[in-house]
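A.B. asks: Chains as they are written, first to last, in the working numbering: chain A, 1 to 192; chain B, 1 to 432; chain C, 1 to 315.
Keep in mind that a hint or two might mislead.
The list that follows gives simulated cross-link-like pairs (lysine-lysine, PhoX-like), each with its CA atoms no further than 25 Å apart [claimed, not checked]:
(1) C:LYS38 to A:LYS94
(2) A:LYS59 to A:LYS94
(3) C:LYS39 to A:LYS94
(4) A:LYS94 to C:LYS254
Calculated from the structure, these hints are not laboratory results.
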Amino acid sequence: MSGPVKPVRPPRVVVDGKGVERMLARMAHEIVERNPGVSDVVLVGIRSRGVDIATRLAKNIARIEGAELPLGVIDITLYRDDLSRSPQQPPEVKATDIRFPIDDSHVVLVDDVLYTGRTIRAALDALMDFGRPRSVQLAVLIDRGHRELPIRADYVGKNLPTAPTESVEVAILDRDGLDQVTIVEAVENGNR
Amino acid sequence: MSEGGAILFAGGTLIDPANDRHGAYDVLVEEGLVAAVGAPGSIGADAQRIDATGCWVVPGLIDMHVHLREPGYEYKETVATGTQSAVAGGFTAVACMANTKPVNDSAAVTEYILDRARESALARVHPIGAVSVGLAGRELAEIGEMYEAGVVAVSDDGMPIADGALMRRALEYTQLFGIPVIVHEEDPQLAGDGVMHEGRVCLHLGLKGMPSAAEEAMVARDLALLAQTGGKLHLAHLSTAGSIRLLRDARERGLPVTAEVTPHHFILTDEAVREYDTNAKMKPPLREQSDAEALVSALREGLIDVIATDHAPHHRDEKEIEFDLAAFGIVGLETALPLTLRLVRDHGLDPVTLVRAMSVNPARILGLDAGSLAVGRVADITLVDPDYVWTVQLEELRSKSKNSPFGGWEMRGAARTTMVGGRIVWSRGEQG
Amino acid sequence: MTFNGNHLLGLEGMSRDEIEYLLDSADSFREISEREIKKVPTLRGKTVVGLFFESSTRTRTSFEIAAKRLSADFVSISGSTSSVSKGETLLDTARNVAAMRPDCLVMRHPRSGAPHFLARHVGCPVVNAGDGSHEHPTQALLDLLTIRGVRGRIAGLEVAIVGDVLHSRVTRSNVHALRTMGARVRLVGPPTLLPSALAEWGDIHHDLASGVRGVDVVMMLRLQRERQGANFLPTLDEYSRYFCLTREMLELAKPNAIVLHPGPINRGVEISSEVADGQASMILEQVANGVAVRMAILYLLAGRGRASVEQRQAV
């Protein structure tokens with residue numbers, strides 16, 4: 001059972017609004033570079049902030065390429081590997097919403113923080129239930145290390161070395177009112 | 001347990017309505033009889049002394065409505081275990097209903113029960129004979145023969161007498177012997193296959209209900225018959241405010257009717273069924289708050305003559321099943337006194353009325369030599385400690401069956417000593 | 001908000017937030033049934049046992065599909081094949097099934113309160129799939145999900161429930177849930193099947209026309225044929241003469257009113273074919289939502305670690 005989050009030190013802002021904006025712009029360019037003409041590219045955001053980031057990337061790509069990429073939403077709750085390990089009520093399930101065929105497309109999977117890799121593993125499984133993409137690429141705003149599975153991101157906003165006791169919190173304008181990345185030192189299990 | 005010698009109840013409050021005594025008296029018992037009643041300290045005798053300080057000395061309590069289950073259902077209760085339960089609850093005598101197997105509809109069964117009582121009973125046992133052969137509601141049983149053998153009343157309890165003509169004949173015929181007909185008032189068609197009181201709770205729970213009218217219609221019928229035939233009618237376990245209205249009207253007209261109520265009907269309501277607790281399933285069913293209140297006020301004013309338990313032991317296999325299928329009835333001998341004492345504490349019931357309802361009146365109705373502590377009378381005595389605090393542990397009940405809705409209840413009041421014919425058959429102090 | 005129960009025995013007493021949470025969860029599960037691969041691995045390795053002491057092809061199938069779409073193993077014991085017919089008590093059955101360590105039990109039983117009894121005697125979650133005349137919580141949840149899906153809300157809607165209210169577990173669950181969610185309920189039926197004491201649940205109408213006039217939703221109940229013999233009504237013909245939902249009757253409701261029925265329908269008894277098959281009928285939508293609701297319930301109850309219920313019960 002997770003106790004209340006006890007900040008040992010005040011939260012540290014490691015990326016500010018401008019920084020987040022720059023990272024998203026660069027990532028959009030990298031996606032366009034790697035997928036010429038962005039033909040057959042679709043974006044799939046992992047709930048919740050992966051969706052917000054995917055939305056921002058889609059806007060940036062539209063500005064660069066003039067192309068509106070299909071945008072899907074994936075909720076990985078039903079694919080988690082830790083449900084039976086917790087005596088707690090299982091987490092709330094939100095809808096997965098992919099209204100386009102992903103067969104033979106290049107899927108860019110988007111999340112806010114890459115940590116153990118377990119969320120991405122679950123997202124890959126979920127994705128495969130929707131079809132057989134030609135490739136899956138991974139875009140994350142923050143890679144904080146401490147991988148537990150052989151998973152690597154293709155597009156990274158920032159590599160951020162962290163301690164396991166720390167928690168990385170990403171705020172996105174549309175949801176949180178500002179763009180910002182902070183590190184909170186917490187006793188809480190940081191897998192989010 | 002003590003045998004034979006003289007016993008002095010000293011320092012207690014005597015409540016003996018039959019002799020208009022209520023106050024500080026010592027009571028001396030010798031050779032099974034009340035030998036002397038006098039002011040505290042006035043009786044000098046070489047006697048075992050029981051300190052009755054803070055307690056009530058009352059004529060032995062009588063439960064005129066119990067099911068001892070013997071013969072035939074010894075897995076639920078026997079004369080031995082049922083009377084152990086009785087004396088632990090302060091009862092010195094019980095009257096047992098006829099729905100045994102075989103039914104007590106003949107002198108042979110009556111004699112068998114009395115034999116078993118002589119062999120194994122701690123309390124006095126007064127059999128009640130069946131009204132109809134096999135409780136089938138068709139032909140009158142040989143009531144005279146059973147009366148000769150010792151029945152004190154007749155009743156088809158458990159099975160309502162649906163046939164009005166049979167009921168009429170029973171009221172007429174029993175006048176030969178002067179014994180009452182005890183009736184379980186329930187119109188079998190109206191009650192149908194109901195399992196609880198028909199009301200709000202029943203509608204919520206989706207269970208089949210028994211309407212109050214099922215009882216009241218039969219009470220009305222039998223009072224009308226009584227007005228025509230005479231005889232002695234005793235209305236068992238009344239449960240509704242409507243029945244009380246009918247009873248009041250009959251009393252005002254001077255009809256020879258008496259009535260009883262059970263502790264569970266004045267303590268509990270149909271809300272007790274909420275969690276489908278099969279120990280809240282009985283006939284008549286637990287009714288509503290307004291009904292319970294009507295019963296209490298009728299008791300207080302003496303309109304209801306008797307408190308009886310309808311002690312109905314059932315094996316756990318008959319209760320740990322679906323509510324619809326569970327047996328009707330609960331055990332009550334060991335909880336009746338403290339539940340009634342709640343009325344004394346919280347609802348203004350006079351202790352004298354309690355003693356009338358639990359001793360004097362049942363003795364009168366059944367024609368028993370009991371209910372009085374006059375000098376020379378049989379020494380059936382209950383020593384009531386109205387302030388003894390205890391918790392009902394179902395597994396510790398003396399009854400063979402544990403089907404009580406009062407498990408875990410904190411009780412105040414208990415029988416400290418129960419004496420039958422001068423012999424102490426129960427003592428709470430010694431039993432811990 | 002969360003759903004904190006160990007069991008789903010009924011909707012009476014459940015809070016608005018809890019019901020909202022269950023409906024939101026169920027909404028999220030609808031999409032899975034629209035996929036080509038209608039299966040998620042969530043309950044892999046979990047066993048859901050259905051105890052059906054009353055025949056119910058629909059509800060059982062719906063639970064079975066829900067369990068299987070979550071990758072749970074589903075085993076169903078029905079009244080005829082179980083040892084119940086051999087005189088085994090419910091307690092014995094419960095203990096035996098519990099000894100096989102299921103992760104969730106789904107029970108349909110003709111006796112009110114039987115699932116409550118079961119829940120007291122097994123160490124795993126119990127879902128009430130309909131008990132006697134008491135409750136049928138998943139049915140009411142799917143009804144609410146259907147209403148919310150079409151109307152976008154439940155609060156403020158006027159809902160008429162028509163038919164054998166007295167014996168209806170669907171009604172009881174719906175009345176509790178609809179009222180909790182802020183709908184206004186009318187109960188419609190003959191006095192034999194609609195006792196006046198139920199006025200605390202909604203406005204009572206013994207006349208179908210006044211009962212459905214101006215409502216947003218008409219919820220028809222199935223009339224059990226055995227009511228005929230017990231004098232609750234003279235004949236089915238006479239019942240349908242006064243209480244059959246026909247097109248003319250439905251026209252008295254709001255223009256966009258919808259019709260629900262828990263199924264199976266008695267065509268021509270409580271509902272005309274024209275209405276059952278018409279535009280307003282949400283009957284098939286209800287069936288689809290039933291799977292989503294049951295997936296959500298199984299996920300919430302069987303999804304957590306098994307030790308949990310035992311731990312909680314030890315407390």
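A.B. asks: Taking the hints in turn, state whether each one holds.
C.D. replies: Do the hints match the structure? See the list:
Under the criterion of a C-alpha separation no larger than 25 Å, the hint pairing C:LYS38 with A:LYS94 is consistent with the structure, at around 16 Å. Restraint check: the Cα-Cα separation between A:LYS59 and A:LYS94 comes to about 24 Å, which is no more than 25 Å; the hinted pair holds. Annotation: proposed proximity of C:LYS39 to A:LYS94 holds, straight-line Cα distance about 16 Å (limit 25 Å). Between A:LYS94 and C:LYS254, the direct Cα distance comes to roughly 33 Å. Violation of the 25 Å bound is thereby established for this hinted pair.
Going down the numbered hints, you'll see the structure goes against just number 4.
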